[in-house]
Every structure is written in C-alpha cells, then in structure tokens.
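S.K.: So the protein lines, in turn, are chains A, B and C. The first sequence begins at 1 in our numbering and counts up by one. The second sequence begins at 1001 in our numbering and counts up by one. The third sequence begins at 2001 in our numbering and counts up by one.
What the hints contain is simulated information worked out from the structure, not anything from laboratory work. All figures in this text were calculated on a predicted structure; none of them were measured in a lab. Just so it is clear, CB atoms sit at the ideal spot from N, CA and C, and this is done for glycine as well. Take these hints with a grain of salt, some might be off.
[What the hints assert, rightly or not] To give an idea of the interface, some chain A residues facing chain C are shown, with a C-beta separation under 10 Å as derived from the structure:
id, residue
1, Asn-11
2, Glu-32
3, Val-35
4, Pro-62
5, Gly-123
6, Met-125
7, Leu-189
8, Asp-198
9, Phe-242
10, Val-256
11, Gly-349
12, Ile-352
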Amino acid sequence: MALKTEEMILNMGPQHPSTHGVLRLELELEGEIIVGAKPHIGYLHRCFEKHCEAMNYSQVIPYTDRMDYLASMYNEFGYVTAVEKLLGIQVPERVEYIRVIMGEFQRIASHLVAIGTYGLDIGAMTPFLYCFRDREKILSLFEQTCGARLLYNYIWVGGLSHDLHPDFIHQAKEFIKYFRPKIKELNDLLTKNKIFIDRTANVGILPLDLAINYGISGPNLRASGFKWDIRKDDPYSVYHKFDFDIPIGQGAMGTVGDCWDRYYMRVLEMEESLKIIEQAIEQIPEGDVTSAIPKRIKPAVGQVYSRVENPRGELGYFIISDGTVNPFRVKVKGPSFVHLGIMNELLKGYMIADVIAILGSIDIVLGEVDR
Amino acid sequence: MKTTEDIFEILKTNFGESILELISTQPIEKYIRINNFEIDKVCLFLKDNEDLLFDNLMNLSGVDDANGKKTLSANGTQIISGGTLSVFYHIESTKYRHKLVLKTSAEREKPDIASVSKIWRHANWHEREAFDLLGINFLNHPDLRRILMPYDWEAGFPLRKDYENPEFYLGMKVPY
Amino acid sequence: MIYDFLFKITDSNIIASIIQSLLPLFIFILPFALFAVWLERKVSAHMQDRLGPMRVGYHGALQTIADILKLVQKEDIIPNEADKPLFNIAPVLVFIGSYAVFAAIPFSGAFIGSNIDLGIIFIIAASGFVVAGILMAGWASNNKYSLLGAMRSAAQIISYEIPTVLVVLTIIMITGTTNLQTLSEMQTGHFWNWMILGGPKFGIAKFIFIPFMIINFIIIYISTLAEVNRTPFDIPEAESELVSGYHTEYSGMKFAMFFLAEYANMFAVSAIVTALFFGGYQSPVGYVGNLFGIHWLIPIEQFFWFTAKGIFFVFVQMWLRWTLPRLRVDQLMTACWKYLIPIAFVNLIIIGLITVL
C-alpha cells in the first residue's frame, strides 16, 4: 500500500527577499519539486491609467516614471513618442539624439540592476555591489543633467526639460572608457563561474513558439533565438542612424532559451548600448531642445498605439484622445506584466531553488506589473 | 506587408460583411470593427491564415466609450446608462511585419465578448485586467478573476467613467 | 597543565573542572565570535569596494559588541503556533553541539579542554549533535521555509559527514592515534613534518603520501565547509530562497545563539583541519621560547600559531562566501555522493595499501 501524500502549498512573497518587490507566488510543491505556480499581483496597484484620465498630457509624464522605476527614462521616452505621434509633431534632431543617449544609458543602468540582483538571487553577493557601483556613475550623469537620480521628468512632449550639461559629453566618454573593462570583470566573476552556469544553464527553458505566443519580448525573446528588436524592426526616434548588433541566444552553456542565455543577453546588450552611445555622442547636432515644446497639448480625436524597446522588452502606450486636454484612455502594455504571465508554464517540474533563478532571469519590475 | 484595406478584403470574403466594418475616419490608426461574439473566430483565422500569420498580440485594451446617456444621481455623481464598452486588439505578424487594429464593442449593461486567450495566451492576463478594471465579461475565458484589484473588491470597476471610490474597504478608509 | 594549576589553587576538582570547561567559552569562543563577525563584515566590505562598519570604535571594531547588546535587549518573539518547548530548546542544542567540539580541540600543548583518546571521533560525534537542534528548530517554528531549510540541512550535514570521516580514517591509519594532542605532538619540529607534507616519518612513503594528502585536505575542507553551511553550500539558510531557513522565526538572544554557533563552528572545523593537516598548534619554524630558553613562552606561542592557522582557514571560508554563488540542493548531493565519497574511498584504500607496505 502506498503512503498517502499531499502537495504542500508554499506562499512565496509578498514579503520575500527575491521576489523583486511584492509579488506573491503560490507554489504547489511535491517535496522540492514544483507542480504548479500561481502568481498573484496587484500589491502595488495604484491605477495609473485612471490617474491619467484626470490629468493633462504633460502631467502624465512623472507618473510614467513610477511604473518601471529602474528604467524611468525609457518610460518617458515611450510615452512622449506616443503623444508626439498623436499630435503629429516633429522634434529637433538634437532632442532625439539626447533621448537616445539617455535611453541607452538607462538601458545599461537597468541591465546592471538585473544582472546584479540575479547574481544575488543565485547567491553571489559581490557582483551585485560591483553592478550598483557602476550604476551609481550613470545615475550621477543623469543627476547632473536633470537633477534627479531615479524619477527624472526629463523627456517632455516635443523636447526636454534641460539641455545636456556642458561637461556631459566628456563624462560620458570617460564612463564608456571605464565601463568596458568592467564588463569583462563581471564575466570573469559571474558569467563564466562554474557554479553559476550549473545553476542557470538548462534551467527554465523557454521555447521560441511558446515565447511568441505568450507575447514575450526584449532580451527574453532574443534569448530564445529570435532576432527581434523594435529599435531595428520598427525603428523610432533616430535609431536607424546607428550601427549595432542584436545579440540572440545561442545556447552556449546549455539549451537555447535557458536562464543563462537570458542573463547573457543583458551582458551583451550593455556592450551594444555602449556602441550606440559612442556613435550618438559623435554625431550629436547642435540645436535648441525646448523650441518644439507645444504651449498647449490638445490632440485631435484619434487613437495611437506606439511602442519602444524598453530594457525589459516591448513597452507600448495606447492612447485615445477625445479632443480635450486630458487623454481619454491611456493603456500601458508593460513587458513585465506580460512576462510574468508565463511563470506557471516555466516553473513546472523545477525545484524551489530554480524558481528564484527563473524569476530573476525574467527580470520583472513590480511597479510596472501592477501600475 | 498588407494594409488594413487588404486584410479587410480577405476577411470580407471569408466571413461576410455582416460582422465586420472598416473604420477609416481615424487620422492615425484605421481599425476593423468586429462583432463581439465572432471576434475569436476572426482572430483564429488571422493567426492561422498562411498569408496573414498574425502571431503576436501586441496589446489588448479595454475602453469605456462613455457614449451612453449621462444622468446625475441624487448625491451628485454621474451615472452612465446604455452605450458600449470596447476592446482594442493590436496585432502584428512577426514574419510579414504587418499590423492590424481590431475593435469590438459590447453593450454596457451586458458586456460579453468572446475571449481570445486560447489564441494568444498572454491575452489571458490582459483580458483579466479588462475584466478587473472595466467589468468586461470574456466568454470562455479559462480563469476570469480579478487581477490587479483585491479579489474581494466589491465597489465596481475603476476604469469605468462613472466609477466612484467607496468610502470604506474592509473597514479601512479609502480616500486619503 | 591548566587543570593541575587550577586544582592547586582551588583544591577542589569540581571547581577546577568547571572553570576549565568554561575557559574556552569565555577566553575564546565569545571573543572569537565577536571578532569573526567583525572580520566577516570587513572582508566582505573590502571585497565589494565598500568600507564596512566604521563608526563604532576604530574601524568599527566595537560594532559587533553593540549588535550583541542590541540583540540581548530585543523582545523574544515566539510564534503562536510554534511548538514552544522544542522552539526554546533548539538554539541551546545547536550551541551545545558546537561548543562541545571545543572540549577536544588542543589549543596549545598546555591547554586542551579534555585530553581524551578518542578526540577526533568525539568531535565528529558532537558536531553531529547540531543536526538534531537544527531539525528541531525547523520543525518547532511551524513555518514552511524553516522546515524546508531544516530538512535540507539535515540531509546535507549527514551526507557530508561521510567524506569527512573517510579522510579522518586515513589520518588515523597513518598515525595510529585518534588523540588530537598526540597527533599535534607528532607533527612537531618544522613544517615539513606536517601531515599535509606526508607526516613526520622520513622515508619514501612520505613523498608518496604528499599528493594523496593534498587531495585529502581538499576533500575535508570542502565537506567541512558544507557541514557548517557556508557558501557555496549555504543551502539550508539560502537567503534568497528560504528567507533564512531554520532560524527564520528566531529573534533576540535565541537568534544570537544560532549566530554564535555558526561562527564557533567555523572555527571548530578550521581547527580540525589545522590539527589534522597543518601541525596543530606547532610552529612552522621553531619557537622563540626555545631560542632564548624562556619555557613559559612556548604554550603562548603555540596558542598564537593555532589561532593564526585557524583564523586563516576561517578567512578562506569568508573569501569563498563572498566570491561564489550557491549550489542547488540536488547539485550539492551530487557533489557529495558522486565525487567526494568515491574519491575519498579510493584515497583511503591507496593510503591503506601504502601504510601496509
């Protein structure tokens, strides 16, 4: 006669060191093996979309900062792109260049957090602090330009709140020179570490067809082996002027689309971002960054869906205008929200320790999931 | 690359004109309006047709059209009756790189819309969100629960234009 | 020697033995734990481009004392659903387990808590005691994370005791003794008499032993690392997975006891490695006391060398912790059962054959 066993329900979160905020995962366990996972979200819900309906178009920008608080610049960038499409205005080229530079710096900063916390989840604490040390340098650059370190309100509809600091170009060059060797150091310390590879390779494999069906985008989709980057495939701003590669997952340490691939995409993308910044600060034209800012934003009746390549994936804004100064409806398609939906599919059959590895490799920000 | 008009023609030959309508008055985005009970069949066709292959659902968003009769209640709040709730689908083909916008509307009093979560699986969460915030009922949805709001939220659907915050939630004061 | 001295001044063997058994706690374990916590913070900070504690005392030297004071004052929280008697006993058991080990550790020629003939076997047995405490803590907390941590810990400690014992057996075969004091005395003279370099007997066998001894040392170091739950084997408390494993629910002084036990354990295993392979308390280069004929200096020097070696290995443990990620629980078991134990067995057989020949 077999002994009667029953599955243990383990609540991971909302207060747990490695759910990256306030996510609650309801895990069904058989010993240490997961047979089912149910994510519960909404602990940070503040109904950003309802707020937007009560404000005018430029007042929304600070609120977008607070969604994906690790990539605030890019949230503004996406929103502003959408509103400009709705208004049908052209912005000066210098503005676009500065937006790209800031956006790519933000991408590096965001990936540094992703990589650092991923190391922390796996148990390596030192790379985390190295990553944050380098991120601080980027945040100082932002602070010098717009006065804020995390929530910038820098990119405005039609322009920017300030021009670049006179010393910015010099410091950006210094940073690039400083940062390239640090990526190598990171690779030596973490990427190529045998234990790290053991923990992440062949874990949480995401097949390509499933990834597309689940709407996965950004580094997670590319890790599954699909060359898809909105910066290249649906170009916005001035991205068509730069020469950069799109790294895709090779399965170098295991299977294509495993945690290691997803992690490594971010390391490679930092190098590509450095390339873009280098080209942008060479080509940046002179000009006035505030000249095209409209006095009053009142788009005609209409709707637009506009998307940008956020550090985490496809960030889309769907805006409906009813011809007044307030947007009628703002819907945000956040990559983290979409990526979290696949957790149940990814986690089945792995162990508790792998939950952390998989969740970390997906790289979510709960501020954006819950909005 | 196919334009919205081309795709509309293909759909018309396959489904007939009764459930479809091309709206091209919008300055930026044209869209096809589809009957709320047939949307899942049309979407399945769009996804599986060899010439279309719309494999990527970019966005799914519910909207309160607020086009019904607006009246004021006794305590001064707005009540909307009649009119529609709508859902917008932004889809794209990663192979052919064409995009399409679909719209479907349902009556405000009985907002039933066929679910597409079997076709694009992340529509599951988007539809739950639309249910949670707007109260749109997706038919044949596998797991239609609240997602962002608390599971025991009883004060209605926040993104509706006539939503009023409740005074208390589980004994906690809501307006701060 | 210290016992004789205490017996002489108190004239009572009960008081003398009580004082003697308390000595390591007060002159060594507590100060060492305080020092080790500070060292851990400083080592980690400097490895991570930080400064670590700087405010309390010189370079934060008094920080851990401040922390202990804070922990003592803290409210002792017991979860409602916990099994209270077990919950209260568990930290004491864990602490006793790691403290009992110190009884048989030879700090110097003049001081060993209890010079028992079965020294090394006693240490292994006593450290197995910790498992009971940990399992008790995990069960009594009535918390799923604690329980998972405790289960992992029990599996891990029991598994890794096997390679440890196998390595210890090889040493016993070569030296023919299980008394740590005798073992340390055998390795006297200079560092080429240490067991890691083939032991004190000069001959062909000594040179054949060297590679096997180095393998032995690596095995025992890895498995003792796992026994004290340090990274890369800190799976029972895996902060990012299980919050803090079996001591999640503990607070105040009970938490401090777990904490103290962990650091005491770290030194205990380092001391075992030192005693077995690195000459115990023997100086690598001879004694200043012998040079000038000051004989009372020798035990003090021996104490210095013993702690220095021990702290060096503790430092290596910290170094590993702040460099390496953490293994997964099945990989941990694989490492033990598929690699360490077979290698240790083969080593045991080869060294046995060499000794017989």
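S.K.: Next step is simple, just say for each hint if it's right about the structure.
M.R.: Structure-based check of each hint:
no., hint, in the structure
1, Asn-11, "holds (8 Å)"
2, Glu-32, "holds (6 Å)"
3, Val-35, "violated (15 Å)"
4, Pro-62, "violated (33 Å)"
5, Gly-123, "holds (3 Å)"
6, Met-125, "holds (6 Å)"
7, Leu-189, "holds (8 Å)"
8, Asp-198, "holds (6 Å)"
9, Phe-242, "violated (32 Å)"
10, Val-256, "violated (21 Å)"
11, Gly-349, "violated (13 Å)"
12, Ile-352, "holds (6 Å)"
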